[in-house]
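Peer 1: I would like the entire structure built from these sequences, with the hints used as guidance.
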Amino acid sequence: MRTHQETLTVRTHGRGTWDVTGEVARVVAASGVATGLCHVFCRHTSASLMLCENADPDVRRDLEAFMARLVPDGDPLFRHTLEGPDDMPAHVRTVLTSSGLAIPVTDGRPALGTWQGIYLWEHRTAPHARTLVVTVQGEPA
Amino acid sequence: MRTHQETLTVRTHGRGTWDVTGEVARVVAASGVATGLCHVFCRHTSASLMLCENADPDVRRDLEAFMARLVPDGDPLFRHTLEGPDDMPAHVRTVLTSSGLAIPVTDGRPALGTWQGIYLWEHRTAPHARTLVVTVQGEPA
Amino acid sequence: MRTHQETLTVRTHGRGTWDVTGEVARVVAASGVATGLCHVFCRHTSASLMLCENADPDVRRDLEAFMARLVPDGDPLFRHTLEGPDDMPAHVRTVLTSSGLAIPVTDGRPALGTWQGIYLWEHRTAPHARTLVVTVQGEPA
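Residue numbers (the working numbering), protein chains in the order written: chain A, 1 to 141; chain B, 1 to 141; chain C, 1 to 141.
Be aware that a few hints might be false.
Claimed, not checked - One side only, chain C facing chain B, incomplete, derived with CB under 8 Å:
| no. | residue |
| --- | --- |
| 1 | T3 |
| 2 | L8 |
| 3 | V10 |
| 4 | T12 |
| 5 | F78 |
| 6 | M88 |
| 7 | L96 |
| 8 | A102 |
| 9 | T135 |
In case anyone wonders, no lab produced these hints; they're calculated from the structure. All values derive from a computational prediction rather than experimental measurement. For every residue, glycine included, the Cβ atom is placed at its ideal position computed from N, Cα and C.
Peer 2: Rendered as structure tokens:
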């Protein structure tokens, strides 16, 4: 068994989703692992990761609309407002989704379903550079 | 250390939960791993996994009722409606819960708490065949 | 590669968050793993784990307020009420957050972002002893 680890940087343009499936698959290929697990970790508390339907962009638009209604910017419930009306909602959205995802590796590739894509979800309205740590562990071919 | 991986198929009868604890424990036993981790992954974007109280079925009924209220079928907020009024809610429910779960393995068994069961949560109203990938990594006895 | 596993007990004083970052880092150091993954698992269905902003305590106060509004105690929607008005909400909060977290290990330490802390979130109003299982897997230095 072996461990392979790489760091990726994603530059976001504000709130929205970024497809990182291809970059994660590239790290899995570079690892030489044939059977195992690939873990993706987002080192932030106002951006997160999700597995989402990758065919119709309306699915991600609808998820954004759902979150905007569930956790509205500028909600008077929140006291942590110094960093802007979108900051505390970004923390809540991160906790409701996920900072880390593990995906099985089979035959040297992420064993995603046909419709599953890996997305970084930026929850702040301003652009950010987000760091992902990808760790692949398993048996070589 | 070793890696063991198996694929399971769960045939659902529409929206609801299916207990897969026994099948996951069987894969852990077959792996020969005594100490490590067992990861269960659901290769779909409209069904998910959860760890839930396994004693009173009302707990899962109440979780279903909560989700039905939080993410109602046919919500006019959604644009992705071609696959039916339950499809976009199924994607949202999947993102709010989890596509993957890792459980420690101790003494050759999943180290679940007394009241923890592993459930596949089907979020579509029609029956589906759902694929789970179980990956066990760790030290043999 | 190696696997190291330890059990931690956290005594909570009722609903609220407990910072376990230091204890998890101690287990990672004890494991001798330089590069890999550290997994923390909560063996309960009414307490969970989260990664959260560690600088301003108002962030955790606001998360608590958000959850109290989203999943109110004593909600008439719920049938599972025998264990008290906070029990079923505790199960829902656990499913909406996470029973397990994996964090990359780099240079022998959890590779958390600057603002990320690991918190046990007690969802019951009474004090409890909560068991966490920490599993570290990876390559030694």
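Peer 1: Each hint should be assessed against the structure and marked as holding or not.
Peer 2: Outcome of the hint check:
{"no.": "1", "hint": "T3", "verdict": "5 Å, holds"}
{"no.": "2", "hint": "L8", "verdict": "12 Å, violated"}
{"no.": "3", "hint": "V10", "verdict": "14 Å, violated"}
{"no.": "4", "hint": "T12", "verdict": "15 Å, violated"}
{"no.": "5", "hint": "F78", "verdict": "5 Å, holds"}
{"no.": "6", "hint": "M88", "verdict": "5 Å, holds"}
{"no.": "7", "hint": "L96", "verdict": "6 Å, holds"}
{"no.": "8", "hint": "A102", "verdict": "6 Å, holds"}
{"no.": "9", "hint": "T135", "verdict": "5 Å, holds"}
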